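Peer 1: Let the hints inform the model, and build the full structure from the sequences given.
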Amino acid sequence: MAKQIYFEDVEVGAEIGPLEKNPTTQQLVRYAGASGDFYQIHYDKDFALGNGLPGVILHGALKNAFLGHLMTDFAGEHGWLRKLGVQYRGMDQPGTKVIARGKVSKKYTEGADHMVDCEIWLENHKGEKTTPGSATVILPSRGAK
Amino acid sequence: MRKRLELTTGKAMANKYVTDEAKKQIGKVSEPRTYEVERGAIRRFAEAIGDPNPLFNSEREARKSRFGGMIATPTFCRSMGAPIPDIKLDMPTFRGLDGGSEWEYLAPIRAGDRITVQSKLVDLREAAGRLGPMVFSVVETTYTNQFGEVCAIQRATGIRY
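Sequence order for the protein chains is P and F. Every letter in the first sequence is one number past the one before it in numbering that gives the first Met the number 0, and letter 82, counting from 1, is 81. Every letter in the second sequence is one number past the one before it in numbering that gives the first Met the number 0, and letter 84, counting from 1, is 83.
Because the hints were derived from the structure by calculation, they are not lab data. Bear in mind the structure is a predicted one, so any value in this text is a computation, not a measurement. Among the hints, erroneous ones may be present.
Straight-line distance between alpha carbons at most 16 angstroms, and here's what the computed EDC-like set of lysine to aspartate or glutamate pairs gives [claimed, not checked]:
hint, chain 1, residue 1, chain 2, residue 2
1, P, K105, P, E7
2, P, K82, F, E139
3, P, K82, F, E103
4, P, K105, P, E118
5, F, K63, P, E76
6, P, K106, P, E118
7, P, K82, P, D116
8, P, K82, F, E101
9, P, K82, P, E109
10, P, K96, P, E127
11, P, K2, F, E60
Peer 2: In structure tokens:
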């Protein structure tokens with residue numbers, strides 16, 4: 000398991016990630032199979048073009064999963080991803096990289112829990128944020144150990 | 000000035016599709032559906048999203064963790080087809096888009112769990128888009144394990160235009 004981050008190690012403004020992903024059409028097919036989302040705009044180019052799209056596009060939920068990956072890596076085994084929110088603002092296409100990133104926006108305690116709020120997003124190879132979102136994680140505290 | 004405001008705010012215009020009658024559907028729930036979570040399905044989902052975390056991929060490694068065994072990735076719930084409440088809208092034809100999701104995670108989902116999935120329409124509204132009226136629906140889906148613990152809640156925004 001990867002190295003654990005503790006609540007005391009985190010500062011507001013600290014960067015999370017980056018986590019680079021290079022989705023291919025093959026990954027979209029695998030995701031379609033694993034998730035059961037067989038909407039053709041994600042693997043049938045002619046169908047996508049016929050729907051006015053520039054080609055097949057990433058499932059929004061796959062981008063959601065990339066941001067989930069970013070945050071479970073950050074939380075580590077002893078942390079817990081408590082909330083995850085994403086908005087699909089722009090389309091992403093396979094064959095170009097997307098990068099999941101985040102920034103710590105707030106740290107606080109709630110009862111016995113040590114919480115960290117984060118602003119997260121997915122950006123394309125041009126640096127445009129296609130998928131903004133937010134996350135809250137519970138982190139272990141050195142004091143509580 | 001006042002008149003111009005009335006012309007440009009959505010409130011001054013009657014909704015075309017999300018009528019008062021259509022709004023009565025808010026609160027409507029789907030039938031519940033129960034899924035058995037297979038270990039292989041957890042791993043295949045993690046592989047499909049490209050997440051090598053041992054918690055989601057290796058029973059051997061995950062047993063040494065605080066969870067005592069493999070757990071599902073945060074968005075694994077997407078593989079449990081949520082039964083959608085039957086929403087009736089008088090739209091002749093429409094295209095659909097996924098607008099986004101908000102998740103709350105309350106307990107891990109483990110291999111072998113039996114998860115009951117139920118959805119509820121929590122919001123239905125209309126806004127003027129560039130291509131005409133757009134309808135936004137928010138469906139809240141609850142994922143509850145065999146012990147009655149709510150593991151996850153998803154609020155998904157669907158867009159029809």
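Peer 1: For a C-alpha distance cap of 16 angstroms, please report whether K105/P and E118/P respect it.
Peer 2: Between K105/P and E118/P the Cα gap is close to 9 angstroms, so the pair holds against 16 angstroms.
Peer 1: Given the hinted pair K63/F and E76/P, is their Cα-Cα distance within 16 angstroms?
Peer 2: Holds - the C-alpha atoms of E76/P and K63/F are around 11 angstroms apart, at most 16 angstroms.
Peer 1: Tell me if the straight-line CA distance from K106/P to E118/P falls inside 16 angstroms.
Peer 2: holds, 12 angstroms
Peer 1: Take the C-alpha atoms of K82/P and E139/F, compute the straight-line distance between them, and say whether it is at most 16 angstroms.
Peer 2: Holds, because 14 angstroms separates the two Cα atoms, which is no more than 16 angstroms.
Peer 1: Does K82/P pair with D116/P here, judged by a C-alpha cut-off of 16 angstroms?
Peer 2: Between K82/P and D116/P the Cα gap is close to 9 angstroms, so the pair holds against 16 angstroms.
Peer 1: Given the hinted pair K105/P and E7/P, is their alpha-carbon gap at most 16 angstroms?
Peer 2: holds, 13 angstroms
Peer 1: Hey, K82/P versus E109/P, does the alpha-carbon distance stay inside 16 angstroms?
Peer 2: Since the Cα atoms of K82/P and E109/P sit roughly 14 angstroms apart, the hinted pair holds (cutoff 16 angstroms).
Peer 1: Has the given pair, K96/P with E127/P, been kept, meaning a C-alpha gap of at most 16 angstroms?
Peer 2: Between K96/P and E127/P the Cα gap is close to 12 angstroms, so the pair holds against 16 angstroms.
Peer 1: If you draw a straight line from the CA of K82/P to the CA of E103/F, is it 16 angstroms or shorter?
Peer 2: Answer holds: K82/P to E103/F is near 5 angstroms, not above 16 angstroms.
Peer 1: Are K82/P and E101/F close enough, with their CA atoms no more than 16 angstroms apart?
Peer 2: Holds. K82/P to E101/F sits at ~7 angstroms (cutoff 16 angstroms).
Peer 1: Is K2/P close enough to E60/F, meaning Cα to Cα at most 16 angstroms?
Peer 2: holds, 15 angstroms
In the structure shown, no violation is registered for any of the earlier numbered hints.
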